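Chains as they are written, first to last, in my numbering: chain A, 1 to 427; chain B, 1 to 433.
Just so you know, these hints were derived from the structure itself, not from any lab. Just to be clear, a hint being listed does not mean it is correct.
Chain B side only, calculated, beta carbon under 7 Å to chain A, not exhaustive [stated by the list, open to error]:
(1) P112
(2) D115
(3) I389
Chain B is nowhere near these chain A residues, computed Cβ spacing over 10 Å in every case [what the hints assert, rightly or not]:
(4) A60
(5) L193
(6) F201
(7) V214
(8) V218
(9) R234
(10) A254
(11) L263
(12) G283
(13) L284
(14) S338
(15) N362
(16) I364
(17) P416
Note that the structure is predicted; figures quoted are calculated from it, not measured. C-beta atoms are modelled at their ideal positions from N, C-alpha and C, and glycine is treated no differently.
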Amino acid sequence: MSIAASVNDSRVTGSSTRSWKAPIGFGVGALLALFVFALGGPATTAVFRVSDDSDRFRLADIALPANVVGWVVAIALIAITVYSYLQVRRGAGINQWAGIAYAFLFVVGFLTWVVGIADRPTISLAGLVAGSVTLAIPLIFGSLSGVLCERVGVVNIAIEGQLLSGAFAAAVAASVSGSVYVGLIAAAFAGVLVSLILAIFSIKYLVNQIIVGVVLNVLVSGLTGFLASTLLSRDSATFNSPPSLPDIRIPLLADIPVIGPILFQQTIVGYFMYAAVIVIWLGLYRTKWGLRVRAVGEHPQAADTMGIKVNSTRFWNVLLGGAVAGFGGAFFTLVSVSTFTRDMTAGQGYIALAALIFGRWNPIGAFFAALLFGFATNLRFVLSIIGTDVPSQFLAMLPYIVTILAVAGLVGRSRPPAAGGIPYVKE
Amino acid sequence: MSAANRGTEAGAEETAAPPPAPGTGDTTPAPQDSEDRGPGILKSIVTGSSLVAILAVVLSIVLGGILIALTDEDVAAAASYFFTRPTDTFLAAWEAASSAYVALFQGAVFNPRADSLALMFRPLTETFTVATPLILAGLGVAVAFRAGLFNIGAQGQIILGAMFAGWIGFSWHLPFGLHLVFVVLAGFVGGALWGFIPGILKARTGAHEVIVTIMLNYIAIYLVGYLLTTPSFQNPGSANPISPRLDETALFPQILGPQFRLHLGFLVAIAATYGVWWLLNRSTVGFELRAVGANPSAARTAGISVTKGYVVVMMLAGGLAGLAGVAQVAGTEQVLTSGIAASFGFDAITVALLGRSHPWGVFFAGVLFGAFRAGGVQMQTLTGTPIDIVLVVQSLIVLFIAAPPLVKAIFRIDRKEKPSRKNQKATTSGGAA
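Excised from the complex, chain B in its bound form:
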């Protein structure tokens, strides 16, 4: 929760920082942003997006808890004699939901039952490990957003990045240091290549990037599936579609020692977040990209090449997602498989949406979703609550955050601001119908 809060605060801070062009600070393609565009951090915290973000998270967790309670067997058993002792039902429901969330917390942040203090914090390192690809791929989706493009292709870009990085990792044999640099570069190039295709097609032919990136996701899955059956990729002597283990020199070092899986990739993710923040807010290229996203016609009139912008931003987006592939293949998994991207590419979209396409917002959204995912595994083992509940809570959070008026209406806050800007007729006709 605090992560989301800080995430949006960071986002608000950025919006408040002197924007190069008015209004481009909030190019997340969410029209309702306009009402959050007010000045001042304080106002933003009190009335604006931060409060909405917190309430959205609370609301989603509560709804998730209700869902857990409704499907719980003990609750069902207690509900069978609801009218004789109704408190039993509510107690069972509370027990079901709270135990699931406690297990999730223990799996994601702090486990008091571990043997040593270091091990108690092991869940937190797991959270960061899982968050690494989410942050990197989320940044990839976010930069594309800022240029007005919808990159659904992070999944394929992760796969291509992992493929390139993995191949360098197990088939080249270079000295320590140099090898890892090549692996990282190769991953970036692989992802950038997969981003280049939709970028150039969009620029040259107007092909819609949503469709092209979706198609490239599938092509990437089959491509890696095919390559893992060929001698140059498949582990010799193995019948399974799995590559040899990457060389020791090609792996991200584990930064907290061998008992934790957390690897250098997390620092790469932090560096990438800073890099993207700098690029978007402090560089000419970033300004041009945001201008293209805010209003392509105006950007063209101002002498910015929109077509070049599309190609550059998609390559950058792909490259960032490719780095997520590197984090997977050279950090967490250490071998290339066809499932290397898991569902990080799709989760990255929700991460970018929750982070409102601001680099540090994406970072904290990635950590939050990493926590959900790491904790969800623990929750499933301990309480038998399926990890799918995490997907439900995540998507609810994004939905609520995208519609501040709904959250405000539910919590009955900020009434005076609500109706004025929007067309009353449109609202009522939609509601009445």
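Looking at chain A on its own, in the form it has when it is part of the complex:
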């Protein structure tokens, strides 16, 4: 209830005729670029290695003089700021590509600067990108679960619990059966189980969805933690030593520099991730099912009038979301680490939730937002290896600050499904 109210409220207060948010936001970023990337640019050359020595096809390294790049980026950002200022003053909209170009240039400027000031200013671009995708996999599954639930108007805070239950079930089932595929199925099933509680309490008993979500996270954390320190630790050889999923390498295509490994050298979970993004996007926007789902999320009364069963649509979508997130949770125990440890998802479900909102409740948007989080996390690891003066905590904060700026509307207003969080009771 509160959420819907707040959304309405934001529409009322935010609907000024001319929004200066974008020029102001761009201006702040441009000044930052001017003072940090340009004036504070080191006189070193930042080297981005595109290929490794073992690669079949090798491309030359990209060597960028850090201070020159800093100046170019700063000037370009200032130009975009001026453009957006003029556009807003004329009362015209800002071209979407200006924002994208701005973001891209800012990232290039930042990367060049941060690598330039490191002790060893060389970084593997392929490694950076591949690591980012790997770290983003559970986030993407989590936010897809969020998309499926929230598009039908059920707020899913329980992503964290779904991921964690998936990780736990995958570890136990794969260990006991000795088959990773049994583990994957068990993971999806565990996610469904968490979703089932969410669905029953929020749809049947009309309990506030956020409350159920938060409590479910605690419940799953307690339950898996309890079982991990009783059953699993007593006999970890039987219950907690799952086999790892193998990489499936597609010959030739996997040799393409930079994008080869991320697209064509993944575990089955990785391939499923790409497939899920595409299938869910197509499903939501190109099928009758998707139209119904979105109708239920936006205007359940209207959907009901048209003969769509609102609560059963919600119920099945929430279960489907649980299956997706649970499957993604298997990543933690079958791909990333090969044992279950308590609370091993470490708040990633909440990050997935942020990615979902950052991605504007759209599977593809969520995909890229999750990639951004993966990228930021991986950048922190990579930079700590090459030795940088920037405190790692600030790099760690970066994605969270970016998310706050994003939801505060600098990037554009993200609008949740109108019926999100409101139980539907037929009149």
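Starting from the known structure of chain A, arrange chain B on it as the hints suggest.
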């Protein structure tokens, strides 16, 4: 158990007190509350939320006991010859569950094996010590609830409060009394600052407070982690990210003498509970906040500034959570570490939910969860039952309390009231699917 009972009674009393606006007494964002909104304390105790609360606690404890028994090794051993002597299995199961709960009780309330009478009650003081931050942060979550906001950021707000309070505590050197006052104020300000950000963003841009507060939790963790590596925060000569000990003048005095950890912060928590109760139920500001929570559009029409309400309530919520940080840094821990908030900020959400966002309900819910936590440590040491069982029982309690029809259905009470109000079709289609 009795705490929960009294908690909800207090809550019921409050609802029964003449509400300034009809229906705003129960703005806990739980729609099923509507059926508890009936008049009269007596009715509420007999049929309503108190009975449900007791049954929810009983049910959760029983389920937790079953879980303990299922994972117990002796039970597993006895179950291997279940068909020859089934009683052994049940005896072992009872033994496993009851010994765990007895240890929990002894760790939380009264320990008959201690040397002196005072020491026998030491567990109870531990319960109150642990309950202090839970109550304060729980109040922070609860006031936000009442204004219709979901404050998941208590964790970050506790950290900021502890950071501000701690810094004043170890780097300023003031006379006794004054120093502590500054420490407490600084903690409140620190938390309020961390609450101000989501409040103002919500008011100005409509940014969803759930997301912003989650993000601020992470930022706070990394911020305190960074500061504890800088010379102004890190203990000189220490390689660990830990601050110097707070000055003696900056610490909450221990109210029952040095052998108990219970400190003045507990009295602050009681005062804060009363203060929040007064603010919400007796003051204009509180009325406006509840009006905003109940129906923002109506509040706006009535001339209440909704945007101002969001900012004020989030600052208040943050400040209360900040006081929980003070209780930690100036009471229990006495140094600032990056783990100063433990998981109090997240537990506070369940505390606020169990207390149904009524100040005294939150107070007793905080004491109950404090008891679980203090007793859980003892239980883990004595019987080897992992403390995680406490999380399971706590979350089950909140789940069951949030869904009275489910509890009533399980215990087969109150049948005539159940189906009428809700749409039969919606219920069955959900169940059938």
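Each hint, compared with the structure:
For P112 of chain B, the shortest C-beta to C-beta distance to chain A is roughly 28 Å, which exceeds 7 Å, and the interface hint is violated. For D115 of chain B, the interface hint is violated, since its Cβ never comes within 7 Å of a Cβ in chain A; the closest pair sits about 32 Å apart. At a threshold of 7 Å, the smallest CB-CB gap from I389 of chain B to chain A is about 5 Å, leaving the interface hint in force. Every C-beta of chain B lies more than 10 Å from that of A60 of chain A, the closest at about 37 Å, which supports listing it as non-interface.
Listed as a non-interface residue, L193 of chain A keeps its Cβ farther than 10 Å from every Cβ of chain B; the least gap is roughly 14 Å. The beta carbon of F201 of chain A is not kept farther than 10 Å from every beta carbon of chain B, the shortest such distance being approximately 6 Å. A beta-carbon of chain B comes within 10 Å of the beta-carbon of V214 of chain A; the shortest separation is about 5 Å. Non-interface status of V218 of chain A relative to chain B is broken: a Cβ of that chain comes within 10 Å, the nearest being about 4 Å off.
With a cut of 10 Å on Cβ distances, R234 of chain A falls inside the contact zone with chain B, its closest approach being about 7 Å. The beta carbon of A254 of chain A is kept farther than 10 Å from every beta carbon of chain B, the shortest such distance being approximately 35 Å. The beta carbon of L263 of chain A sits about 30 Å from the closest Cβ of chain B, which is more than 10 Å, so the claim that it is off the interface holds. Even its closest Cβ contact with chain B, about 19 Å, leaves G283 of chain A beyond 10 Å, as expected for a residue assigned away from the interface.
Non-interface call for L284 of chain A relative to chain B: holds, since the shortest CB-CB distance, roughly 20 Å, exceeds 10 Å. The Cβ of S338 of chain A lies farther than 10 Å from every Cβ of chain B, with a closest approach of about 22 Å, so its non-interface assignment holds. For N362 of chain A, the non-interface assignment is confirmed: its Cβ lies about 16 Å from the closest Cβ of chain B, beyond the 10 Å cut-off. Distance check on I364 of chain A: its Cβ is at least 20 Å (rounded) from any Cβ of chain B, clearing the 10 Å threshold; non-interface status holds.
A beta-carbon of chain B comes within 10 Å of the beta-carbon of P416 of chain A; the shortest separation is about 8 Å.
Hint violations for this structure: numbers 1, 2, 6, 7, 8, 9 and 17, all remaining hints satisfied.
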